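All chains, full assembly: derive it from the sequences and hints.
Here are the chains, one letter per residue:
Protein chains: 2
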Amino acid sequence: MPAVNHKFELAARPVGLPKRSDWNFTQEPVRDPADGELLIKIIYISLDPAMRGWMNAGKSYVPPVGIGEVMRALALGRVLSSRNPKFSPGDHVYGLLGVQEYAISNGAGLTKVDPKAAPLPVYLGTLGMPGMTAYFGLLDVAQTKSSDTVVVSGAAGAVGAVAGQIAKIKGCRVIGIAGGLAKCQYIKDLGFDAAIDYKSEPVLRALATHCPNGIDVYFDNVGGDILDAALANLARGARIAICGAISQYNTTTGIKGPSNYLSLLVNRATMKGFVVFDFADRYLEAAREMGAWLASGKLKSREDIVEGFEKFPETLLMLYSGENTGKLILKVAES
Amino acid sequence: MPAVNHKFELAARPVGLPKRSDWNFTQEPVRDPADGELLIKIIYISLDPAMRGWMNAGKSYVPPVGIGEVMRALALGRVLSSRNPKFSPGDHVYGLLGVQEYAISNGAGLTKVDPKAAPLPVYLGTLGMPGMTAYFGLLDVAQTKSSDTVVVSGAAGAVGAVAGQIAKIKGCRVIGIAGGLAKCQYIKDLGFDAAIDYKSEPVLRALATHCPNGIDVYFDNVGGDILDAALANLARGARIAICGAISQYNTTTGIKGPSNYLSLLVNRATMKGFVVFDFADRYLEAAREMGAWLASGKLKSREDIVEGFEKFPETLLMLYSGENTGKLILKVAES
Chain C
8 MPAVNHKFEL
18 AARPVGLPKR
28 SDWNFTQEPV
38 RDPADGELLI
48 KIIYISLDPA
58 MRGWMNAGKS
68 YVPPVGIGEV
78 MRALALGRVL
88 SSRNPKFSPG
98 DHVYGLLGVQ
108 EYAISNGAGL
118 TKVDPKAAPL
128 PVYLGTLGMP
138 GMTAYFGLLD
148 VAQTKSSDTV
158 VVSGAAGAVG
168 AVAGQIAKIK
178 GCRVIGIAGG
188 LAKCQYIKDL
198 GFDAAIDYKS
208 EPVLRALATH
218 CPNGIDVYFD
228 NVGGDILDAA
238 LANLARGARI
248 AICGAISQYN
258 TTTGIKGPSN
268 YLSLLVNRAT
278 MKGFVVFDFA
288 DRYLEAAREM
298 GAWLASGKLK
308 SREDIVEGFE
318 KFPETLLMLY
328 SGENTGKLIL
338 KVAES
Chain S
8 MPAVNHKFEL
18 AARPVGLPKR
28 SDWNFTQEPV
38 RDPADGELLI
48 KIIYISLDPA
58 MRGWMNAGKS
68 YVPPVGIGEV
78 MRALALGRVL
88 SSRNPKFSPG
98 DHVYGLLGVQ
108 EYAISNGAGL
118 TKVDPKAAPL
128 PVYLGTLGMP
138 GMTAYFGLLD
148 VAQTKSSDTV
158 VVSGAAGAVG
168 AVAGQIAKIK
178 GCRVIGIAGG
188 LAKCQYIKDL
198 GFDAAIDYKS
208 EPVLRALATH
218 CPNGIDVYFD
228 NVGGDILDAA
238 LANLARGARI
248 AICGAISQYN
258 TTTGIKGPSN
268 YLSLLVNRAT
278 MKGFVVFDFA
288 DRYLEAAREM
298 GAWLASGKLK
308 SREDIVEGFE
318 KFPETLLMLY
328 SGENTGKLIL
338 KVAES
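Chains as they are written, first to last, in this note's numbering: chain C, 8 to 342; chain S, 8 to 342.
Keep in mind the hints are simulated off the structure, nothing from the lab. As the structure is a prediction and not an experimental result, all values here were calculated from the model. Errors might be hidden in some of the hints.
Put simply, identical chains are the same to the list, so a pair is met inside one copy or across any two.
Below, simulated BS3-like cross-link-like pairs (lysine-lysine); rule was C-alpha separation at most 27 Å, straight line [unchecked claim]:
no. : residue 1 : residue 2
1   : Lys263    : Lys206
2   : Lys263    : Lys66
3   : Lys195    : Lys152
Okay, structure coming up:
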């Protein structure tokens, strides 16, 4: 039976929020791997805020997805057949496999995962890119230490929830900012000392209340007004890790820069951008430490799994409307 | 003869550019110093962009000048009489003596200067706060090294001209941004590799031309659109030292935040604010090194001296209209 590979190819560069018509839903027969290649059946596709940026033309930290190319995505699957000596049928792997049901790979950039050590979706979340982003952003970029008051925005998201929990593990006071009662309850259940619901209270004032001595570390996933509110509440010597700016990715009127940036001067503070790929040679170290925290229950992982390959466009939008809690994953096949 | 002290006291918190009516021009008899005090006749008053910020209410790195208080300013003068054992009549001193003709001080925060080692105005410029700001901002905050391409805004100003020259001394390629042909010629005469006239050419494109491999260090004195242009031209791992934002100090419509700040993320770059006072325990070290550069002719100092105490309000405005080249100083008495 010749299997069919369905895929989403980029059809147009979106203006504002991506629409279904910004992709072409196409299909092709699955081909056999050539020498050195392997064939992977994709099980889980990771949906990440950064994907919006990959759809734009222009220079960034990775090249844009080309028009007509399969939409770029991290995904996890099972090897069906392999002519690459490093991989065997039955292996589980993840990497930039794209928004499709099957992928042919030469093995470059693929990581093998052990389904017995953790549930497969965790490898796309806490033990994957979001977890690595939280770990290195918090500990390395922001140089967080136990005496710090740490504020995390997008705190109920895949990166934010892990960043806040790691800060708690390290002994910090941690305040999370999230949208809505349920998300705020979720992060309090995770052990955050306080949660600010940006949909129902002024963040500027709430930060002043919860951080009477100012913010030492601000881990920013959202940008926009919340970044300005954090800037207005910095402690002397504060460090801001710029992880993302989800509030700005779909703007059609231009990015809102942080008008309170002169707080950096007043408070001798640092704002630093980072890209997790730069820490690739230390992923294993981080995964070991986070794996141990997961095993001991100190760190909790949550995935928000939506089923159905064809639902990719609308599921991606959940990220930007704030509908997901935890790592958003599209399930496209049974494991 | 009972001398009279004229002074400018803050009368109102300015909206936009300060007006003469934002100060009261008052006078009082000069009193004798009490025990532990000294009386100083002020010769030169330093006019600095930061003075605009000191006139605003609200928390900053120093308390605001109170309504009715003498306007805060660095100034240099000669001791007339002293009941403080550390100072003698004839000593030259500088410190936060205020916008007035005579000052009574208890000696705290005063620095003695040697008029034989350098002309007095230089102690308010290259060997004073602006020079220290350039030195520590460039070398310490931005961690500039010889292989760096360095861009300095406000490059013909007191801080910028010194920052650019130090970068040249350290072996960097240095591009200055200044307003008008004369200032651009001035910084080229100082040894800058290139000058961009923001009044006559698009800075974004000019930076791309002059920094084909991107900007490694951006020393920012101006903020606004020029900061955005620099952000758009960063090299990987760039460092931005936020020294000031003179384009924004008199805004009545809100500070313009840098809308290109996500370039920090793309380029793994750092934006760091600083206040020179934090380096007070190393001023002497810096002054020695800069003094040697001045003596050898490697570093040139330029002061823009306006005479007449009563001209304080309109002279201060020269900073914000970009009329001065080099360190702006008000001369209020003969040395």
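*Mind listing which of the numbered hints don't hold for this structure, in increasing order?*
Of the numbered hints, all hold.
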